[in-house]
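Participant: At position 210 of the sequence shown the residue is numbered 410 (the working numbering), and the sequence of numbers has no breaks.
These are computed hints drawn from the structure, not numbers from a lab.
Cβ coordinates follow ideal geometry from the N, Cα and C atoms, glycine included.
A hint or two may mislead.
The following label-pair restraints were derived from C-beta to C-beta distances [stated by the list, open to error]:
id, residue 1, residue 2, range
1, A449, G254, 41 to 51 angstroms
2, P472, E347, 36 to 46 angstroms
3, P465, G311, 50 to 60 angstroms
4, A370, H462, 42 to 52 angstroms
5, A543, A580, 42 to 52 angstroms
6, G447, E315, 38 to 48 angstroms
7, L364, A390, 40 to 50 angstroms
8, H468, G287, 55 to 65 angstroms
9, V263, A580, 26 to 36 angstroms
10, L364, D456, 21 to 31 angstroms
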Amino acid sequence: MATSGGIFDALQGPANLEHRPPGPLGDRADGASPVRIAAVPAAHPYVRSVLPPGHVLLDDPPVPGAPAGRWWPPQVLTPDWLRGAAGGYDLVHVHFGTESLGPGRLEATLGVVRELGVPLVHTVHDLEHPHLDDQAHHRRQLDALVEHADELLTLTDAAAATILRRYGRAATVVPHPRMAPDAWFARADALRRPARSGRDGGPVVGVHLRGLRANVRPGAWIVELADATAARGGRLRLVVNDEVTPGGAAHDALEDLRSQLHGLPVDHVVRPRPDDDGLAAELAGLDVSVLPYAHGTHSGWLELCWDLGTPVLAPAVGAIGDQHREPSALCTFDPARPGTVAAALDRLLDAPPPPPAAARLAARRRTTEQNHRAHAAAYARALGRA
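Based on the sequences and whatever the hints tell you, model everything.
Facilitator: Here it is, written out as structure tokens:
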């Protein structure tokens with residue numbers, strides 16, 4: 201789902217954020233006891249950002265033998281932790297990270313959750329796992345989580361419709377929270393103006409391949425994209441992290457891509473993984489960012505681009521097309537149909553500009569409030585069934 205790397209750490213958790221070990225807590229200012237959530241993973245900024253007031257996150261339990269700060273495989277989802285910490289948490293909320301548990305382990309753990317009478321909440325981020333080619337293990341785990349969960353949430357109406365069709369269960373839709381810190385909304389607009397006024401040519405269209413994880417495999421449409429960008433007087437910029445080195449599947453995929461684009465007006469950029477500011481500046485300097493995904497469900501990269509005011513072109517995979525409906529923010533294309541990527545690029549470049557920074561930031565703050573209310577209500581319903 202969401203992009204990995206440093207930019208996620210720029211998200212500021214809500215002012216009410218507290219991390220606690222399992223155990224009794226003092227009362228809230230209104231006299232009620234805080235709801236203690238054992239989340240998987242608690243340390244992830246997405247999880248922190250949707251935490252409503254009056255709720256606290258327990259710390260991720262340390263992983264035996266792992267470096268400090270690593271939360272996977274998640275120890276909350278082990279029978280020993282659940283039983284040993286019983287009484288020190290009120291509910292379990294699983295977001296993601298279960299793929300690090302071997303076959304059958306999650307299913308056994310969910311049996312313990314039920315045995316203890318602990319409410320279970322699950323947010324379906326990924327109907328298809330973006331880091332995996334073989335989806336069988338992920339599908340089995342998703343089946344088990346949906347079956348056992350007292351409350352289901354997901355990020356889009358399209359994903360909720362798939363869950364209802366596949367499982368016969370309704371999921372509450374909670375839109376993806378913002379990715380960028382406050383300062384970057386206005387900073388991106390300030391960077392964009394001189395970058396565009398100083399250009400001699402047409403649009404700069406960027407494809408960030410990053411480390412070429414499992415779902416980053418642009419198809420034949422990448423050639424059409426290069427041609428369509430050139431037809432608008434611009435250039436395609438292909439960006440890859442320097443961690444992609446010879447000898448692996450990612451490097452083989454990169455070489456195949458370069459051979460397809462040989463002779464076309466494409467700038468090949470290889471650079472170290474950027475820090476937060478570097479990545480945001482790269483994206484703010486693009487006229488369009490293109491998602492190179494072959495499969496998946498939702499995109500945190502799209503959300504970061506929305507924060508920065510950079511339009512996104514994306515293949516119609518998963519529920520990505522349902523994350524934003526504004527024509528200035530996102531346009532999708534059918535990767536199997538020739539001509540659709542060029543038409544989609546034209547529509548995006550000819551659309552009105554995205555809203556200014558102040559309007560984008562205000563919209564994100566409204567989404568944060570909406571998410572807090574939705575999560576608080578879901579937790580209350582789950583606890584009411586316990």
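Participant: Work down the list of hints and note, for each, if the structure agrees.
Facilitator: Right, here's what the structure says about each hint:
1. Our hint of 41 to 51 angstroms for A449 and G254 holds, since their Cβ atoms are close to 47 angstroms apart.
2. A beta carbon spacing of about 43 angstroms between P472 and E347 agrees with the range 36 to 46 angstroms that was offered as a hint.
3. With their beta carbons about 58 angstroms apart, P465 and G311 fall inside the hinted range of 50 to 60 angstroms.
4. The supplied range of 42 to 52 angstroms is met by A370 and H462, whose beta-carbon atoms lie about 50 angstroms from each other.
5. Restraint check, A543 to A580: a C-beta distance of roughly 47 angstroms satisfies the suggested window 42 to 52 angstroms.
6. At about 47 angstroms, the beta-carbon gap between G447 and E315 stays in the expected band of 38 to 48 angstroms.
7. Judged by the Cβ atoms, the range 40 to 50 angstroms given for L364 and A390 holds: they are separated by roughly 43 angstroms.
8. Checked against the hint of 55 to 65 angstroms, the pair H468 and G287 passes, with Cβ atoms roughly 57 angstroms apart.
9. Between V263 and A580 the C-beta distance comes to about 31 angstroms, which sits within the given range of 26 to 36 angstroms.
10. Between L364 and D456 the CB atoms are about 39 angstroms apart, so this pair departs from the stated range of 21 to 31 angstroms.
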